[in-house]
Amino acid sequence: MEERPFSDISYRQFLSEGKFMGSRCRKCGELYVPPRHFCIACRSDDMEWHEMVGEGELAAFTCIFVAPPHMVELGYDRRNPYCTGVVTLKEGPRIVARIEGVDAARPESIAIGTPMKSDFIRLGEGEGAKTLLAFRPS
Amino acid sequence: MTGKRKLGRGVAIVGAGMSNFGMFPDKDSKDVFAEAFSEMIAGVDKGFDPADIQAAWIGNFSNDFFVHQAHWGPIIADLTGIAPKAVTRTEGACASSTLAMRDGLMAIASGMYDIVLAGGVEEMSKCTTEEVTEGLALATSPYEGDAGYTFPGVFGALATAYFNKYGAGREHLMNITIKSHENAPLNPKGQFKQTIKDLMEARKAKAEKKGLPVPGWADEKEALWDPAFNPPVAWPMHLYDCCPISDGASCVLMVAEELAKDFTDDPIYVVGFGQGSGRGLHACPSLTSFEANKNAAKEAYGMSGLKPRDIQFAEVHDCFSIAELIHIEDLGFFEAGEGYKAIAEGETRRDGRMPINTSGGLKCKGHPVGATGTAQMFEIWKQLRGEAGERQIPGRDLYIGATQNLGGTGGTCTFTIFERR
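One line per chain: the protein sequences are Z and D, in this order. In terms of the numbering used here, the first sequence opens at residue 28 and continues consecutively. In terms of the numbering used here, the second sequence opens at residue -5 and continues consecutively.
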């Protein structure tokens, strides 16, 4: 189907198109997200794109109160913290992503194991536009 | 295969030096390295001429970013008078100077050189906190930046996974902080020299002086729970879970085993070394362990023929409190999920069964990232030789110590075992 290279650039392009894609080894079936150029399980380089269902559960998280410059630009700081986490996907792999729809100012209210569904955060416009993967409680 | 590798010939450390660690607006990298180097030279028991150094490796993570100067090998070569002989910079994030030691180790073991210097330096305090945060973030996995992770954020996420799996909580991490701060006043070179109680008293005195309500904390943990004293950085990592921004340098003098007694009657032998590489949070097999640590431990134990129970004390990479807990489990000092209980029982205190970070750790001693690995070895050198002064581990005849150094968020892990014979 898709002929794009199995690269981070392709992965981000797909995100900007609203698609959450991984790469799967045609030889052994191992699934990777973000995509890998070759399979580290069987060493094959015969990969195919695979669209992820976008469901999983929260495996780890943190609420950032001291934000890096690129997040401060988006309005996050000590008074307005944000949550970022690790989600174990239904298909098996884990992914790091922003966690939306939770109260980052009250981290005790966020629970590991919470079912999650994928979402997209769209930033900027034109050339500088960027789409980030996010998850929120389902 | 990897667990049984031996060195071609033995290697000993015959001198060690460390600058004061802290924030030094009036000193640059050369100044602090000169401090460490001078101490090392002066500390070689039978005397030593630096002209005999045949090559050196110098760890530096990112002075290119922090002070806009790269290529530290020749700068240190010039400073120390080693030029025109070879001095090479090594980079493995916060494990940069352990990698310098590793290169020296391999060079001597191979027979290429007999006498080498290994050290590290970092100059971070000239940057703002935001700039340092940005600089350190260069050592995280590429995907974590997009997800908004900071360095403490990655460790915060690991902490939530650990808490969830093993039933620990923030109060258990506080035991690590309190213990490190208890060792801190005993280390004259450290950045922080106050216990948590000292810091509480200082805060109370300040409030009283300003006519503000005086905090009524009953003990250290009550203060650490108070966000006014210990604000969140990347929950559950709070201020006192995190190591500071530091300047500093450290170095060790390494020689072929058969030459060791020409320099000192009391050398320290490097008997095991291991290193591992880790993956980003999304791809690591466990969120409560560093697979790179496990590989490093397997290699170092295999090389030395020693087991975790043989290690009498260790310096481990406590860039964040949760990291210390994960390391002591990964290295086999405690079973997975049991480390926090052992810490609560005082086993990792200076007078406990398995003293960890008698130097005060990165948390209190400071963490000039490129200097940390060989600074950990400086502590092992002092403790094994019984020269650690007030912080000397009490009532024990020490002969085996170890250092564990972590680069990035687990991307590089090293484990080194030292023996006094």
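Some hints could be false.
To be verified - A few chain D residues that face chain Z, going by a derived Cβ cut-off under 10 angstroms, partial list only:
id : residue
1  : Phe18
2  : Tyr137
3  : Ala151
These are calculated hints, taken from the structure and not from any lab test. No experiment lies behind these values; they were computed from the predicted model shown. Quick reminder that beta carbons are idealized off the backbone N, C-alpha and C, glycines included.
Here is how each hint holds up against the structure:
no. : hint   : result
1   : Phe18  : violated (24 angstroms)
2   : Tyr137 : holds (5 angstroms)
3   : Ala151 : holds (4 angstroms)
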